[in-house]
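Asks: Given only the sequences and the hints, what does the whole structure look like? Please build it.
Heads up: the sequence lines are chains A and B, in that order.
Numbering-wise (my numbering), the first sequence opens with residue 1 and increments by one.
Numbering-wise (my numbering), the second sequence opens with residue 1 and increments by one.
Treat the hints with care, since some could be wrong.
Stated by the list, open to error - With a Cα cut of at most 25 Å, we get these calculated BS3-like pairs of lysine-lysine:
no., chain 1, residue 1, chain 2, residue 2
1, A, K280, B, K574
2, A, K35, A, K250
3, A, K35, A, K180
4, B, K440, A, K46
5, B, K409, B, K440
6, A, K11, B, K574
7, A, K273, B, K157
8, B, K403, A, K14
9, B, K172, A, K46
10, B, K409, A, K14
11, A, K46, B, K403
12, A, K273, B, K406
13, B, K440, A, K14
14, B, K454, B, K528
15, A, K264, A, K235
16, B, K162, A, K273
17, A, K280, B, K529
18, A, K180, A, K11
19, B, K158, A, K280
20, B, K120, A, K280
21, A, K250, A, K235
22, B, K158, B, K120
23, B, K181, B, K162
24, A, K273, B, K403
25, A, K264, A, K219
26, B, K406, A, K14
27, B, K440, A, K132
28, A, K46, B, K409
29, A, K11, B, K406
30, B, K574, B, K529
31, B, K403, A, K35
32, B, K403, A, K11
Read the hints as simulated data drawn from the structure, not as lab findings.
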Amino acid sequence: MSEQQQEYSLKDYKGLMPIWCPGCGDFSVLMALQKALQHRQVAPHKLAVISGIGCSSRIPHFINAYGFHMVHGRSLPSAAAVKVVNPELEVIAAGGDGDGFAIGMGHFPHTVRRNPNITYLVMDNEIYGLTKGQTSPTSHTGLVTKTTPWENADEPINPIMTALAHNCSFVARGISTDVKQLTQLLIEAMEHPGFSFVQAMSPCLTFHDTYEMVRNTSKDLPEDHDVTDRLGAIKYALDTDNMWTGVFYKVRRPTLDEVTTRNKLKALERNTKSPTPLMKIYADMGGKVPTSTS
Amino acid sequence: MTDKRRKSTTIRLAGESGEGVVSSGQILTDALIEQGFAILTYQTFPAEIKGGHCWYQVRGSAHPLDTPGDRADILVSFNQEGFDTHIDDLRSGGLIIYDSDAVTPVDVPKAHLFPVPIGKIAADEVGSPRSKNVLAAAILARLLGLPEEELADSVTKKFKHKGAKVVEVNVKAVTAAYGLKLPEVEMDFALTRTDTETAEPIGAYAMTGNDALVLGALVGGCKFFAGYPITPASTILEAMMRELPAWGGSAIQAEDEMSALTHCLGASFAGAKVMTATSGPGFSLMIELLGHASTVELPVVIVDAQRGGPSTGLPTKYEQSDLNAAVYSGHGDTPRIVLAPSTVRENFDLTVKAFNLAEHYQVPVILLTDNALATRLERVTLPDLNTVEVEDRILATPEPDEKHYKRYKFTENGVSPFPVPGTPGGMYVCEGLEHDETGKPNYTGENHVAMNNKRYGKLEDCARRETGYYDFGAVDPDLVIVGWGAIAGTVREAVDRLTGEGLHVGGTVITMLSPFPLAVRDRLRKAKKVLVVEGNYTGQLAQLIEAYNPIVPEKLAVASAGLIPVESVEKVAKRLLNVQEVQVRE
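Replies: Written out as structure tokens, the structure is:
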């Protein structure tokens, strides 16, 4: 489709003016997301963007969509449920590294396991920005911050490894300084049926400027990397010298909404032959029993 | 059995968990249900997986029952601990059946002893040590006046799926029980319908509180459920996982209670009617999200099947100590509706109502049940399920090209039409930050005042619309006994007995704890004395009543890991009415 034929222009995805600091990587991530949505011509009213708390989690306001600004760390379970209730919606969960890998970390592996057909975009700046400069779960060892005045002694979380450990069905990393690649990754993520995790390195100029680190260490995954090879992907995820970007891994697993839909059909079909105990009482007491065709 | 107007027999079985205590009780209960008797059960398990002391109580009658009974008319003890622990709860003149090879009876002045070598008969005569439970159940059935053939039928039905051999053995156990020589006792334990004075229906279905609650949710239109296993709410999760797909919905077992409620809020945001169920510890974890639901105005039903607290507390015991948490918990001003069913039937009715109110007002509704109500089996009469009133959320109809849709539009009763994602022109952000009508963050004092007015306006409307309590007993009472939850049955029975003695006593059961029902104030203000009965240490309902009414109620607040006995309520009531206890009931 040429630009002229398309129903939705980039403008159609714009919400309120972002309130991030000048130079924040999140501007570019937002741009990449809007471009990916425009490329896929997702109708804004059929788009749900769900976030937690943090600088990047303000993103629902900056996109023209149905937004849900959840409490801190809880974007994933709500996003998964939105998709279960209405599989026709394009569902994006978004947030930062603190939201996703500290307070919300408990939900990450479980959402990976359930495999809802949603995209999870983490804007990773390796710092707490909204609360003004505390160490985050992805801050590197040795980093001095307001809460690690001597040094950060903790090993950082490796989000790509965590995703791979639980057989996440789509795993990718992009950087805010390469909008073109990030857009492409987000398009692929949205198109992939299943839980798609995209880690977007997005530096915070105000509290932890990682632009140079991102520039110096990021590298495209080699062309011959086999995205179906989980062990191969793990090797790149564990590399501490290079920050590999691109699609690490992809696998087709039954999605949560496929499973719930399947269960529904199975159960509805059984309603007339061998109903569940409470359905039986319902029928006895005059209730209209739902069937797979009703 | 002292209450002549409503003859009933109460049986308690006690012993080591896994010994057949509960299964004996259940076999007897099933037989009573099949014979058309009213039953009401109470059970308490040890919190351990295997072993530990447990007991099961079942009360049977030809009339509707309000409580599982205080004292046992017949006590069955399989071991010494069962004998020693429960002998004091045996009614004077009652019968104690015990395994004569396992129990050495202590001197029991007012009771009849019935030693039966239960284990030996099961092993030698019947030929299966495991038939002990049927043997015990059959002895009890015989004492209750059930014919042998009918019990044999019931046992056959129950064990049919285990094969002909198992059925044969168990029928043999029934025969053995009916061949025993019974002791001579004055008390007549037999349940008969010949002395029917009232024609009150006793209900077609025997259901647990949790089952009735799940049915209420399904009839109320629940389409999404997420929960995390916890006693005594796990059976709600299990039933929802099994039932919901058949009703066109989906259920998810979450990784924790925060995830459970978060899933529900996502599903509600997407337009579905949703519910989660937990107990105290899980409810504590949900509180941040409860406040969130309140401020983003998403309908959700949250079941808290209370157990003994705080912390891990008494996981398998009855207690009603989460009232404060349900009514007040959370940071900030967080309006919510709290309903408290008091019977198994109300577990159905108030769950339907919980959904209706949640959807009507777009607020979180907490359903406070408790361990006794959740696990007890009771006969219920259900309404015509096709005509139950079910309310849906008022939906937004925006112009397709509308910009900045006012999701939180100010309205007369505070309820704003809800745009379901997928509706063109209705896009907004469901926002936990204080927000303006469009959902855009707004921290001005003026806006915060207006939004609090909007959100609390909904509760004020609810307080006007809902009755939230029911009354019984004397019209112009000298004493009003107030209860909530499972203890309501105790209050009802106490009021029945006291009015039967000619005392001007009334009962009030509060079924809506937030917003506090307006009409209750009149009733309590007019009463000369008010006694609040509840299963917690601090008297949480009494405090709530004091907060809303210019009265200081007397309280009988007991957290003793069990229901407060009816006779304790009677005793306190009589003391408050300055009535001399004329006779000792026992």
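Asks: Could you run down the list of hints and mark each one as holding or not?
Replies: Hints, one by one, checked against the model:
Note on K280 of chain A and K574 of chain B: the hinted pairing is violated, with a Cα-Cα distance of about 47 Å set against a maximum of 25 Å. The hinted pair formed by K35 of chain A and K250 of chain A meets the criterion: a straight-line CA distance of about 22 Å does not exceed 25 Å. For the suggested pair K35 of chain A and K180 of chain A, the alpha carbons sit about 9 Å apart, so the restraint of at most 25 Å is met. For the hint linking K440 of chain B to K46 of chain A, the alpha-carbon distance of about 20 Å falls within 25 Å, and the restraint holds.
Restraint check: the Cα-Cα separation between K409 of chain B and K440 of chain B comes to about 12 Å, which is no more than 25 Å; the hinted pair holds. Proximity of K11 of chain A to K574 of chain B is assessed by CA-CA distance (about 77 Å); at most 25 Å being required, the pair is judged violated. A C-alpha spacing of about 21 Å is found between K273 of chain A and K157 of chain B, which places the hinted pair at or below 25 Å, so the restraint holds. Proposed proximity of K403 of chain B and K14 of chain A is supported: the alpha carbons are some 12 Å apart, at most 25 Å.
Among the hinted pairs, K172 of chain B with K46 of chain A is inconsistent with the structure: their alpha-carbon atoms are about 66 Å apart, more than 25 Å. With a C-alpha separation of about 23 Å, the suggested pair K409 of chain B and K14 of chain A falls inside the 25 Å cut-off, and the hint holds. Restraint check for K46 of chain A and K403 of chain B: satisfied, since their Cα atoms lie roughly 15 Å apart, inside the 25 Å limit. Simply put, K273 of chain A and K406 of chain B have alpha-carbon atoms about 47 Å apart, too far for the 25 Å limit, and the pair is violated.
Taking the CA atoms of K440 of chain B and K14 of chain A, the gap is near 15 Å; set against the 25 Å cutoff, the hint holds. Straight-line distance between C-alpha atoms of K454 of chain B and K528 of chain B comes to about 38 Å, which puts the hinted pair past the 25 Å bound. For the hint pairing K264 of chain A with K235 of chain A, the CA-to-CA distance comes to about 40 Å; that exceeds 25 Å, so the pair is violated. This hinted pair checks out: K162 of chain B and K273 of chain A have alpha carbons roughly 23 Å apart, not beyond 25 Å.
For the given pair, K280 of chain A sits about 47 Å from K529 of chain B by alpha-carbon distance, which is inconsistent with the 25 Å threshold. Restraint check for K180 of chain A and K11 of chain A: satisfied, since their Cα atoms lie roughly 18 Å apart, inside the 25 Å limit. Our distance criterion of 25 Å between C-alpha atoms is met by K158 of chain B and K280 of chain A, whose separation comes to about 19 Å. About 42 Å separates the Cα atoms of K120 of chain B and K280 of chain A, which puts this hinted pair outside 25 Å; it is violated.
Only pairs whose Cα atoms come within 25 Å are accepted, and K250 of chain A paired with K235 of chain A is accepted, the gap being roughly 15 Å. Only pairs whose Cα atoms come within 25 Å are accepted, and K158 of chain B paired with K120 of chain B is accepted, the gap being roughly 23 Å. With a C-alpha separation of about 30 Å, the suggested pair K181 of chain B and K162 of chain B falls outside the 25 Å cut-off, and the hint is violated. Of the pairs offered as hints, the one joining K273 of chain A and K403 of chain B is violated, with about 49 Å between alpha carbons and a cut-off of 25 Å exceeded.
For the hint linking K264 of chain A to K219 of chain A, the alpha-carbon distance of about 45 Å lies beyond 25 Å, and the restraint is violated. Taken as a hint, the K406 of chain B and K14 of chain A pair is honoured in the structure, with Cα atoms around 18 Å apart against an allowance of 25 Å. Between the alpha carbons of K440 of chain B and K132 of chain A the distance comes to roughly 23 Å, so the proposed pair stays at or under 25 Å and holds. Between K46 of chain A and K409 of chain B the CA atoms are separated by roughly 22 Å; this keeps the pair inside 25 Å, and the hint holds.
About 21 Å separates the Cα atoms of K11 of chain A and K406 of chain B, which keeps this hinted pair within 25 Å; it holds. A distance of roughly 12 Å separates the Cα atoms of K574 of chain B and K529 of chain B; the hinted pair therefore holds under the 25 Å criterion. About 21 Å separates the Cα atoms of K403 of chain B and K35 of chain A, which keeps this hinted pair within 25 Å; it holds. About 13 Å separates the Cα atoms of K403 of chain B and K11 of chain A, which keeps this hinted pair within 25 Å; it holds.
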